[in-house]
Each structure stands twice: as structure tokens, then as C-alpha cells.
Amino acid sequence: MSQNVFEIVEFKLVQGVSESDLMPLSDAFQAFLQEQPGFLYRSLATHQNGNGYVDVSYWQSIEDLNMVEKAFKESEACIAFLKVIDEQSVTMTQHNIIAQTQCSS
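Numbers given in this note's numbering equal positions in the sequence shown, counted from 1, plus 2.
Worth double-checking, as some hints may not be accurate.
As the list claims (entries may be wrong) - With a cut-off of at most 30 Å between alpha-carbon atoms, the simulated DSS-like pairs for lysine-lysine come out as follows:
id: 1; residue 1: Lys85; residue 2: Lys75
id: 2; residue 1: Lys14; residue 2: Lys72
id: 3; residue 1: Lys85; residue 2: Lys14
id: 4; residue 1: Lys14; residue 2: Lys75
id: 5; residue 1: Lys85; residue 2: Lys72
Said to hold, decoys possible - Computed Cβ-Cβ distance ranges for the label pairs, DEER-style:
id: 6; residue 1: Met25; residue 2: Thr93; range: 19 to 25 Å
id: 7; residue 1: Asp29; residue 2: Ala101; range: 29 to 35 Å
id: 8; residue 1: Glu65; residue 2: Ala33; range: 19 to 25 Å
id: 9; residue 1: Gln38; residue 2: Gln102; range: 16 to 22 Å
id: 10; residue 1: Pro39; residue 2: Gln17; range: 34 to 40 Å
id: 11; residue 1: Pro39; residue 2: Val92; range: 32 to 38 Å
Because the hints were derived from the structure by calculation, they are not lab data.
All C-beta atoms, glycine included, are put in the ideal place defined by N, C-alpha and C.
Using the sequences and the accompanying hints, generate a full structural model.
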């Protein structure tokens, strides 16, 4: 059985780009993710202090996450999403899930 993982990406927007500019690009990125094998869930949030964003995605396995990172570089939706992100501000971490609850509908 594979171990679920999640990735946290923290970033700021390029100067002059607004959250209103970001959201349609985020929606297109979300559509890309939903087509990827092993994708479970994604959340996009703002920091409490309003200084940047946190993008969290959950995956069935590290192998699935690694595969999407390769596809990411070739996706027009992902490339457009990246253009509004200040690359110097990006931090990315991956985590193995050791305990979790199931979401109820």
C-alpha cells in the first residue's frame, strides 16, 4: 500500500498582480491537477498576515506527486499560473502522511 503525501507551496505574487488576476489561473491549474493520476485534494489560502499564499495538494503517493511535477512543466495552464508568482518567494516542502481522518460527505 502506498503512503499518501502532501505538498505545501508558499509564494507571493509578482508585483502588480492582484488576487483577482490569480484566481482564474488558479482555477485552470486546479483543472489540470484534477486530471492527474493520484490527485486527491487541493487548497489555496492566504497567510493570516495577508503577505502571500499557501497552496497545499494531497496525493495518493510520492510517485504520483513526482509524475505531476514533470507534467507541470509542459502544461500551458501551469506555465500561466507560474508567470504571476514571484519565483524568488517560492518555498516548497513535501510531507508523508502518518495519520489522517476520512472526509465525510
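Status of each hint after checking the structure:
A hinted pair counts as satisfied when its Cα atoms are at most 30 Å apart, and Lys85 with Lys75 qualifies at roughly 12 Å. Only pairs whose Cα atoms come within 30 Å are accepted, and Lys14 paired with Lys72 is accepted, the gap being roughly 23 Å. Under the criterion of a C-alpha separation no larger than 30 Å, the hint pairing Lys85 with Lys14 is consistent with the structure, at around 12 Å. Proximity of Lys14 to Lys75 is assessed by CA-CA distance (about 20 Å); at most 30 Å being required, the pair is judged to hold.
Under the criterion of a C-alpha separation no larger than 30 Å, the hint pairing Lys85 with Lys72 is consistent with the structure, at around 17 Å. Remark: the range hint 19 to 25 Å for Met25 to Thr93 is upheld by a beta-carbon distance near 22 Å. Taking the beta carbon of each, Asp29 and Ala101 are about 31 Å apart, inside 29 to 35 Å as hinted. At about 22 Å, the CB distance of Glu65 to Ala33 agrees with the hint of 19 to 25 Å.
A hinted range of 16 to 22 Å for the beta carbons of Gln38 and Gln102 is consistent with their spacing of about 20 Å. Between Pro39 and Gln17, the C-beta spacing of about 36 Å keeps the proposed range 34 to 40 Å intact. Taking 32 to 38 Å as the suggested C-beta distance range, the pair Pro39 and Val92 does not conform, at roughly 24 Å.
Consistency note: the structure conflicts with earlier hint 11 alone.
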